[in-house]
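All chains should be modelled from the sequences, with the hints used to inform the complete structure.
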Amino acid sequence: MKMINEAKALIKENIRDYGMFIALFAIVVTFNLLTNGMFMSSRNVSNLLDSAGYIAVLAVGMTLVIVIQHIDLSVGYVAGFLGAVAAILLMQQGWSVFLVIPVILILGIIIGLFNGFLIAQLGIPAFVATLAAMLIFRGALLQVTEGTGTIIVQNSFFNAIGNGYIPSLMEINSVHVTTLLIGLITILFFVYGEIKTRADRVNYNFEVVSVPIFVLKLVFIVAIIGYITYVLAGYNGFSWTLIIVLVVTMIYHFITSKTVLGRQIYAVGSNPEAAHLSGINVKKVTYIVMGSMSMLAALSGIMYTSRLQSATTTAGMLFELDAIAAAYVGGVSSAGGVGKVTGAIVGAIVMASLTNGMNLMGVGISYQYMIRGGVLAGAVIFDVLTRKRGK
Amino acid sequence: MAEKILEMRHITKEFPGVKALDNVTFQVEKGEIHCLVGENGAGKSTLMKVLSGVYPYGEYDGDIVINGEVQQFNTINDSEKAGIAIIYQELALFPDLPVYENIYIGNEVKEKGIINWNQTILKSKEMLRKVNLKVKPETLIKDLGVGKQQLVEIAKALSKNVQLLILDEPTAALNEDDSENLLELILALKAEGITCIMITHKLKEVVTIADKATVLRDGQTICTLDAKKGEVNERTIIKNMVGRELSDIYPKRPEKAIGEPVLELKDWSAYDQQLGRHVVKKADIQLRKGEIIGLAGLMGSGRTELALSMFGNPKNYKLKGTLLINDKETHFKHTSDAIKAGLAYVTEDRKGNGLFLAQNITSNITVANLNGVSSNGIINMNEEVTVAESYKQSIQIKSSSINQLVGKLSGGNQQKVSLSKWLFVSPDILILDEPTRGIDVGAKFEIYTVMNELIDRGMSIIMISSELGEVLGMSDRIYVMAEGKIKGEIAAEEADQEKIMELATQ
Chain L
1 MKMINEAKAL IKENIRDYGM FIALFAIVVT FNLLTNGMFM SSRNVSNLLD SAGYIAVLAV
61 GMTLVIVIQH IDLSVGYVAG FLGAVAAILL MQQGWSVFLV IPVILILGII IGLFNGFLIA
121 QLGIPAFVAT LAAMLIFRGA LLQVTEGTGT IIVQNSFFNA IGNGYIPSLM EINSVHVTTL
181 LIGLITILFF VYGEIKTRAD RVNYNFEVVS VPIFVLKLVF IVAIIGYITY VLAGYNGFSW
241 TLIIVLVVTM IYHFITSKTV LGRQIYAVGS NPEAAHLSGI NVKKVTYIVM GSMSMLAALS
301 GIMYTSRLQS ATTTAGMLFE LDAIAAAYVG GVSSAGGVGK VTGAIVGAIV MASLTNGMNL
361 MGVGISYQYM IRGGVLAGAV IFDVLTRKRG K
Chain G
392 MAEKILEMRH ITKEFPGVKA LDNVTFQVEK GEIHCLVGEN GAGKSTLMKV LSGVYPYGEY
452 DGDIVINGEV QQFNTINDSE KAGIAIIYQE LALFPDLPVY ENIYIGNEVK EKGIINWNQT
512 ILKSKEMLRK VNLKVKPETL IKDLGVGKQQ LVEIAKALSK NVQLLILDEP TAALNEDDSE
572 NLLELILALK AEGITCIMIT HKLKEVVTIA DKATVLRDGQ TICTLDAKKG EVNERTIIKN
632 MVGRELSDIY PKRPEKAIGE PVLELKDWSA YDQQLGRHVV KKADIQLRKG EIIGLAGLMG
692 SGRTELALSM FGNPKNYKLK GTLLINDKET HFKHTSDAIK AGLAYVTEDR KGNGLFLAQN
752 ITSNITVANL NGVSSNGIIN MNEEVTVAES YKQSIQIKSS SINQLVGKLS GGNQQKVSLS
812 KWLFVSPDIL ILDEPTRGID VGAKFEIYTV MNELIDRGMS IIMISSELGE VLGMSDRIYV
872 MAEGKIKGEI AAEEADQEKI MELATQ
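The listed protein sequences correspond, in order, to chains L and G.
The first sequence runs 1 to 391 under my numbering.
The second sequence runs 392 to 897 under my numbering.
By construction, these hints were calculated from the structure, which means they are not laboratory data.
This structure is a prediction, so every number in the text was calculated from the model and none was measured.
With a straight-line cut-off of 27 Å between C-alpha atoms, the simulated BS3-like cross-links for lysine-lysine are:
1. L:Lys-283 <-> G:Lys-709
2. L:Lys-284 <-> G:Lys-724
3. G:Lys-742 <-> L:Lys-283
4. L:Lys-283 <-> G:Lys-706
Over the 10 Å line for every Cβ pair with chain G, so calculated as not near, a few chain L residues:
5. Leu-105
6. Ile-106
7. Ile-213
8. Thr-314
Positions of the beta carbon are idealized from the N, C-alpha and C atoms, including for glycine.
What follows is the structure in C-alpha cells.
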C-alpha cells in the first residue's frame with residue numbers, strides 16, 4: 001500500500017515528464033492491436049525508427065532554440081541545401097566521404113552563427129531572421145540542383161548512414177548478435193549509472209525513492225530497452241541512423257542536464273535579463289544554440305540525402321514544422337526555459353508512429369494530417385493544463 | 392454603529408499542502424479607510440483575491456457579504472459590478488497606449504459597439520481631475536512616472552463607479568512625495584464616500600491614514616485595531632504582526648573596522664542611449680572596506696542606473712569617468728567581468744530581472760557561480776544541493792524544500808534567495824538595491840542581520856534605499872542623489888531625515 005502511494009506521488013510529481021511516455025505507450029499498444037501485431041513487428045519498428053531519424057535530430061536542436069524563446073524556420077531548407085551540397089561534393093567533385101561530412105557540419109555551424117548574429121547582435125526577431133534564411137536556402141537549393149535535377153549518390157559508405165545496419169559478428173537463428181550485445185551493454189551502463197547516482201545521493205544524506213520503487217523503475221526501463229533491442233535484433237539489428245540519433249541524444253542530454261552551458265541555456269530561456277545580470281553572456285548562449293541547431297540541420301540533411309540516396313530539389317520541405325511539432329509534443333514550453341532533449345526524441349517518435357501506424361491501417365493522407373494536428377494541439381493543451389495545476 | 396459595506400465571514404482557502412486562509416473574518420464599514428497588515432505570506436493578498444473574484448466562488452469556504460447580500464463572484468468582472476476595484480502592486484496598464492484609453496479599457500464609451508473617442512477623452516479629463524493628476528489624456532503611459540501611473544489606475548477604478556477600492560501596497564514603488572500625494576488622495580476619496588482597503592508594509596502610513604487596521608498572521612485574523620480607541624500605533628501593530636516585541640529594528644554592529652578604499656568612482660557619467668539623456672552625471676563616490684554606504688534619493692534620481700553602470704553596464708550606457716577597484720582603474724565589458732572582480736548586484740526588481748521564477752531554489756542560488764559547483768564545465772548536482780541547503784539554513788529561506796519553484800515563494804523568501812545567489816559568489820563589494828522592498832518586518836530584520844555579518848567578514852556594502860529609516864539605521868555614510876547627481880555626502884552621526892530630504896529635493 002505504501003509502495004503504491006509512493007508510486008502515485010512520484011507519477012503525480014513528474015506527470016510532465018512521464019506524460020509523453022504514457023502517450024507513446026498508448027499509441028503503440030493501440031496501433032499494435034489495430035494492425036494485428038504488424039506495428040510491433042521487427043521490420044516495421046526498424047523502419048519506423050529510421051524514418052524518424054532526420055526529424056529527431058532536428059527536434060533535439062529545436063528544443064533548445066525554443067527553450068531560449070526563439071524559433072528556427074530555416075532548418076528544413078538548410079538541411080535540404082547542405083544535403084545537396086554533400087551530394088555535389090561526393091559525386092561531382094569526387095571528395096572523400098570522410099572529408100564531406102565534417103565540411104558539411106562546419107558549413108551548418110557557419111549558417112547557424114549567421115542566424116545567431118542577426119538575432120543576438122542585431123536584435124532581429126528569430127521568426128523573421130530565420131524566415132529570411134529559409135527563403136534564401138530554398139533558393140540556394142534550387143540553384144545548386146537546377147542544372148542537374150536530382151543528384152543520385154552512389155557511395156555505399158555515405159548511403160549506409162540512412163540505410164545501413166551495424167555489422168553482425170555472427171547470427172544465431174537469424175538474430176543479430178552485435179545488436180543484442182550493444183543492448184546488453186546499454187542496460188548494464190544504465191543500471192550501473194542509476195545505482196551509482198542513488199548511492200551518491202545516499203552518501204550526501206539526500207532523500208531517495210524506496211528500494212522497491214527503485215527496483216521497479218529499473219526493471220521497467222530495462223524491460224523496455226531489452227524488448228526494443230530484441231525486436232530490432234530479429235530484423236537487421238540497429239541501423240546507423242538509430243546509432244546516430246542515440247549518440248546525438250546522449251551528448252545533448254548530457255550537455256543540457258549536467259553542464260554549466262546547459263544550465264546557462266535554461267537560465268537564458270527562463271529570464272534573459274536576470275541571466276545577463278547573473279554574469280551569463282546571453283549573446284554567446286544564443287550563438288551556441290543557433291549554431292548547434294544548424295549543425296544538426298546539416299546532419300539531418302546528410303541523413304536525408306543518404307536515406308534517399310539522392311539529393312532532390314524539394315528536399316527539406318516542411319522539416320522545420322515537423323521538428324517544431326516534435327519538440328512541442330515532447331514537452332517543450334512556449335513560455336521558454338522548460339523542455340528536455342529526451343522529450344524531443346519521444347515527440348519525434350510519437351509523430352512518426354502516428355504516420356507509420358496510420359499508413360499500415362490504410363488511413364487516407366487527408367485524415368493523417370488532421371489527426372497529427374490534433375495530437376499536436378493536444379500536447380500543447382496538456383502542457384498548459386499541467387503548468388496551471390502546478391501553480 | 393455604522394453600516395457595514397463588506398463582511399467576509401469564516402473564509403478558508405486551501406492550496407495543495409497549505410492553508411493560506413484559515414477561518415478569516417474581516418469587516419469593513421462604509422466610508423472608512425481600513426488597512427490590512429501582516430507579514431509576507433500572512434494571507435493578505437490571498438484574502439483580496441478571494442474578495443475580487445480571482446479565486447471564484449466555490450474555491451473557498453465562507454461567505455462574502457456586500458451591503459448585506461451574500462455574493463458569488465466567479466470572475467473579476469462580477470466583483471467590479473458590485474463596485475469593488477482592486478489595484479495591484481504591479482500595475483496593469485498598457486505602456487504604449489494613452490492615458491484615456493487606459494482609463495476606459497474594458498469599459499469603453501460606446502454607442503452600438505462603436506467607440507466614441509471624443510467622449511472618452513472628455514470623460515477621462517474629468518477622472519484625471521478627480522485624482523488631481525495634471526497630464527494630458529493623450530500622454531502615453533510609458534512617459535509617466537510610477538507615481539502618476541498609480542493615479543491613472545485609480546482614475547480607472549473611479550470611472551467604474553467604485554464603492555470599495557482595494558490598494559495592494561500602493562506606495563511600495565513610490566518616493567516620499569508621491570506617497571504623500573497618494574495618501575492625500577485616498578483621504579479625499581474617503582470624503583466623497585469611497586471606502587478603501589489598503590494593504591501596506593509601511594506602518595507609518597497605517598498610523599497616519601487608517602480608521603481601522605486588521606492584522607493577519609499565518610492565515611488567521613489576529614485583531615482589528617480601531618484608531619478612535621487609540622489602538623493604531625506602530626508598537627501595537629508590530630507586536631500583533633510578529634507576535635513578539637521588536638526592541639530594535641536595526642541591529643547594532645558592535646565594532647566598526649573601516650579600512651582602505653575598495654571602490655571609487657571619479658567624475659562618473661552614464662548616458663542612456665535609449666532615453667537620450669544622462670542618467671548619471673559626474674558622480675564621485677568612495678566605498679571603503681568594511682563600510683556600508685547608503686545611497687538615498689527619490690525614485691528616478693539615478694541610483695539604480697549608477698549601480699548598473701558600474702556593474703558591467705548591462706544597459707549599454709555610454710560611460711565616462713574612472714572606476715577604481717582596489718585602487719586599480721577598471722573597465723568591465725560584461726557583468727561577468729564585474730562579478731569576477733568581486734562585485735555583486737542584488738536587484739530591486741527581483742521578479743523582473745533577479746530570479747528565474749520557473750526554476751527551483753537550487754538553480755537560482757547557483758546560477759551566478761556555476762563554476763563553484765562544477766569541474767571542467769560539468770556540474771556536481773549533489774554539491775549543488777549541499778550549497779542550496781546550507782543557504783536555506785543560514786539565511787532561513789522558508790520553503791517546503793529546495794526543489795520548490797521560486798515563483799511560488801513569498802516576497803521575503805524570494806529576496807532571501809536573491810541574496811543567497813549573490814552571497815554564493817562571495818563578493819567583496821555587495822550592491823543592494825532596495826533590499827527590503829515589499830517584505831515584512833521580521834524578514835527585514837533578518838536581512839539587516841545578514842548585512843552586519845557580511846561586514847564583519849570584511850565585505851563592503853552599497854545600499855540603495857528609499858526608506859529613510861533604513862538608510863539612517865544601517866549606513867556608516869550616506870550619499871544623496873537627485874537628477875543623476877550626487878548632491879551631498881553625510882556622515883551617519885550627523886544625518887537625519889530632514890537633511891536627506893533637503894538634498895534629495897534640491
